[in-house]
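Engineer: Protein chains in written order, with this note's numbering: chain A, 1 to 310; chain B, 311 to 620.
The hints are simulated quantities; they were obtained by calculation from the structure and are not laboratory data.
Bear in mind that the values here come from a model prediction, so they are computed numbers and not experimental data.
Beta carbons: idealized from backbone N, C-alpha and C, even for Gly.
Among the hints, erroneous ones may be present.
[To be verified] Here are the simulated distance ranges between beta carbons:
#1 A:R166 x B:G544: 56 to 64 Å
#2 B:G452 x A:G168: 31 to 39 Å
#3 B:E315 x A:R111: 18 to 26 Å
#4 A:K270 x B:R518: 51 to 59 Å
[What the hints assert, rightly or not] To be clear about the criterion: a stretch of chain B counts as covered by chain A if any three or more of its residues have a C-beta under 8 Å from a C-beta of chain A, and this derived list gives those stretches:
#5 327 to 333
#6 348 to 360
#7 417 to 428
#8 441 to 452
#9 507 to 515
Protein chains: 2
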Amino acid sequence: MNEFELIAQLTRELPTNAAVHTGPGDDCAVLDLDVPGQQLLFKTDAVVEGIHFEKTTAPERIGRKALARSLSDIAAMAGTPVAAVITLGLPENFQPDSIIQIYAGLNQLARQYGVAIVGGETTTNPGRLLISVALLGRVATGKAVLRTGAQAGDALFVTGELGGSRAGKHLDFTPRLTEARWLADHFPLHAMMDLSDGLAGDLPHLLRASRVGAELLKSAVPISRAARDRARRGDAARSAFAAALTDGEDFELLFTLPSHEAVPLLDAWKTRFPELKLSCIGKIVPGAGLRLRDATGVHPITAHGYVHFS
Amino acid sequence: MNEFELIAQLTRELPTNAAVHTGPGDDCAVLDLDVPGQQLLFKTDAVVEGIHFEKTTAPERIGRKALARSLSDIAAMAGTPVAAVITLGLPENFQPDSIIQIYAGLNQLARQYGVAIVGGETTTNPGRLLISVALLGRVATGKAVLRTGAQAGDALFVTGELGGSRAGKHLDFTPRLTEARWLADHFPLHAMMDLSDGLAGDLPHLLRASRVGAELLKSAVPISRAARDRARRGDAARSAFAAALTDGEDFELLFTLPSHEAVPLLDAWKTRFPELKLSCIGKIVPGAGLRLRDATGVHPITAHGYVHFS
Numbered sequence: 001m002n003e004f005e006l007i008a009q010l011t012r013e014l015p016t017n018a019a020v021h022t023g024p025g026d027d028c029a030v031l032d033l034d035v036p037g038q039q040l041l042f043k044t045d046a047v048v049e050g051i052h053f054e055k056t057t058a059p060e061r062i063g064r065k066a067l068a069r070s071l072s073d074i075a076a077m078a079g080t081p082v083a084a085v086i087t088l089g090l091p092e093n094f095q096p097d098s099i100i101q102i103y104a105g106l107n108q109l110a111r112q113y114g115v116a117i118v119g120g121e122t123t124t125n126p127g128r129l130l131i132s133v134a135l136l137g138r139v140a141t142g143k144a145v146l147r148t149g150a151q152a153g154d155a156l157f158v159t160g161e162l163g164g165s166r167a168g169k170h171l172d173f174t175p176r177l178t179e180a181r182w183l184a185d186h187f188p189l190h191a192m193m194d195l196s197d198g199l200a201g202d203l204p205h206l207l208r209a210s211r212v213g214a215e216l217l218k219s220a221v222p223i224s225r226a227a228r229d230r231a232r233r234g235d236a237a238r239s240a241f242a243a244a245l246t247d248g249e250d251f252e253l254l255f256t257l258p259s260h261e262a263v264p265l266l267d268a269w270k271t272r273f274p275e276l277k278l279s280c281i282g283k284i285v286p287g288a289g290l291r292l293r294d295a296t297g298v299h300p301i302t303a304h305g306y307v308h309f310s
Numbered sequence: 311m312n313e314f315e316l317i318a319q320l321t322r323e324l325p326t327n328a329a330v331h332t333g334p335g336d337d338c339a340v341l342d343l344d345v346p347g348q349q350l351l352f353k354t355d356a357v358v359e360g361i362h363f364e365k366t367t368a369p370e371r372i373g374r375k376a377l378a379r380s381l382s383d384i385a386a387m388a389g390t391p392v393a394a395v396i397t398l399g400l401p402e403n404f405q406p407d408s409i410i411q412i413y414a415g416l417n418q419l420a421r422q423y424g425v426a427i428v429g430g431e432t433t434t435n436p437g438r439l440l441i442s443v444a445l446l447g448r449v450a451t452g453k454a455v456l457r458t459g460a461q462a463g464d465a466l467f468v469t470g471e472l473g474g475s476r477a478g479k480h481l482d483f484t485p486r487l488t489e490a491r492w493l494a495d496h497f498p499l500h501a502m503m504d505l506s507d508g509l510a511g512d513l514p515h516l517l518r519a520s521r522v523g524a525e526l527l528k529s530a531v532p533i534s535r536a537a538r539d540r541a542r543r544g545d546a547a548r549s550a551f552a553a554a555l556t557d558g559e560d561f562e563l564l565f566t567l568p569s570h571e572a573v574p575l576l577d578a579w580k581t582r583f584p585e586l587k588l589s590c591i592g593k594i595v596p597g598a599g600l601r602l603r604d605a606t607g608v609h610p611i612t613a614h615g616y617v618h619f620s
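From just these sequences and the hints, can you work out the full model?
Structural biologist: Take a look at the structure:
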């Protein structure tokens with residue numbers, strides 16, 4: 001049984017109730033709790049030492065990242081974050097001062113987005129620091145942008161630039177909350193998610209959820225400076241483009257909307273967010289699968305970014 | 311800086327917003343999210359291998375306990391649980407079958423109380439299994455029973471029997487959701503919490519929150535059979551009474567109400583919950599501190615259960 005089969009089996013059997021509008025499988029759960037005109041969003045996420053940060057990472061940046069990842073999931077639903085609870089798993093001899101610094105980074109980001117920190121649990125986790133953040137948000141009823149709505153013919157967009165996040169962005173990224181709400185307020189988004197496992201890893205989830213395929217235009221995929229620099233220095237065994245597809249932790253928005261909205265969107269975006277790149281990177285197509293169009297033709301592409309050249 | 315000073319400092323600085331009715335420091339946060347007539351409860355908790363369970367504990371019981379602990383916190387507010395999200399931190403080579411069993415235990419308990427499992431995050435936690443559960447509940451507006459309302463003269467009650475939880479109850483305890491809602495529906499509870507760190511460890515939190523003290527009646531504290539058996543076998547270096555005060559993980563309800571309600575409550579309880587013991591174990595008094603009354607007089611008592619005999 002692979003990871004996806006396991007998740008599929010687990011998800012089928014999970015208990016549900018009348019409050020659940022959208023259960024597991026999207027960026028957040030969507031709940032109907034009788035708030036007039038509003039639905040709630042609910043999400044948990046965790047960062048672990050040695051995986052999402054290093055022992056030497058400044059505690060403020062660890063705390064910031066722990067919250068920012070969940071905020072990015074609320075953004076992916078076009079929602080507004082409200083309140084978070086924090087579980088700290090602390091290694092032996094962890095210093096009180098480091099805990100204060102973790103919370104300093106977390107609190108600063110929370111204040112920036114109006115999020116209340118309403119509870120915390122501290123436990124021992126011998127060997128390594130772990131921080132789990134559960135976040136509650138809200139969204140106007142029916143306005144949550146799910147992964148399931150992409151339609152053949154849609155244009156496919158991504159914010160920012162992809163790849164090379166490990167050089168620093170994975171700690172300091174801006175969750176795209178403002179951008180996502182603006183998008184959902186002004187354009188008929190069909191589907192949206194945030195990029196955490198890389199475009200080649202995440203887009204297939206959206207495609208499967210929507211029962212469609214996609215064709216990426218290679219020249220349109222925005223590659224970050226960090227990915228280009230690393231490829232140029234030769235300390236990565238793969239191209240900057242492969243890094244943009246597979247590095248992960250971009251925490252940018254990936255979304256689709258009707259193709260006739262593409263040009264109006266690009267125009268309006270330049271005025272509203274002149275500092276942040278927005279790229280139309282391809283289109284949604286009928287049938288399953290992810291393909292890449294380059295100068296030589298159209299090629300299948302796997303979740304690991306491996307391109308099968310025919 | 312000790313643990314309580316650290317928590318006090320962290321708590322003072324946490325970001326808040328208009329949705330927060332009761333922030334950190336109670337069993338759950340209480341949120342006002344514009345649900346007519348209702349407030350939301352929000353809580354996170356975690357269990358860690360080697361601390362809350364052993365490597366040899368059956369995965370179903372681990373999953374059950376992970377959820378049951380958070381359910382006990384919702385009970386302590388007299389609330390109703392609605393939806394949970396789960397973070398699994400998995401050690402290397404953790405078997406898919408064990409994950410399925412963890413969820414089987416968790417799901418069974420969730421179904422029993424009508425809780426939906428609406429999201430999960432899985433990450434690596436090298437070395438040990440960790441499960442963090444965030445739980446959302448609801449309660450009629452103004453009906454959440456906080457730790458802050460105890461008044462001098464109140465009678466102090468506890469459900470069930472205390473001590474010796476490690477013999478098995480810590481895995482299989484019943485979260486007192488039904489009992490807590492019945493209590494809040496039928497009696498004017500002043501303050502309530504659940505017992506996770508032992509009566510001597512937890513009661514002082516309630517006393518400080520309410521700015522009162524308490525006098526326990528030694529002969530009234532209900533001691534579990536497990537604690538008595540262990541003391542009788544002599545494999546514990548302390549008395550069954552000390553175990554009842556300090557063992558922890560009892561997950562029983564501790565609450566106060568006006569003393570003239572004590573006898574009507576005991577009568578009604580026997581009819582409604584004939585299988586579950588309810589004990590009046592003392593009274594709330596003016597001033598700070600926790601004291602114990604026994605045949606020899608009244609003695610101060612510390613959070614570690616140490617009794618200072620004068």
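Engineer: Confirm or reject each hint.
Structural biologist: Status of the hints after comparison with the structure:
Judged by the Cβ atoms, the range 56 to 64 Å given for R166 (chain A) and G544 (chain B) holds: they are separated by roughly 57 Å. Between G452 (chain B) and G168 (chain A), the C-beta spacing of about 48 Å breaks the proposed range 31 to 39 Å. Range check, E315 (chain B) to R111 (chain A): Cβ separation about 23 Å, and the 18 to 26 Å hint holds. Range check, K270 (chain A) to R518 (chain B): Cβ separation about 56 Å, and the 51 to 59 Å hint holds.
Chain A is given as covering the region 327 to 333 of chain B, and this holds because 4 residues of the stretch bring a CB closer than 8 Å to a CB of that chain, at least three being needed. For the region 348 to 360 of chain B, the stated coverage by chain A is satisfied: 10 residues place a CB nearer than 8 Å to a CB of that chain, which reaches the threshold of 3. Counting residues of the region 417 to 428 of chain B whose CB falls under 8 Å from any CB of chain A gives 8; the rule of at least 3 is met. Counting residues of the region 441 to 452 of chain B whose CB falls under 8 Å from any CB of chain A gives 4; the rule of at least 3 is met.
Coverage of the region 507 to 515 of chain B by chain A is violated in this model, with 0 residues showing a Cβ closer than 8 Å to a Cβ of that chain against a need of three.
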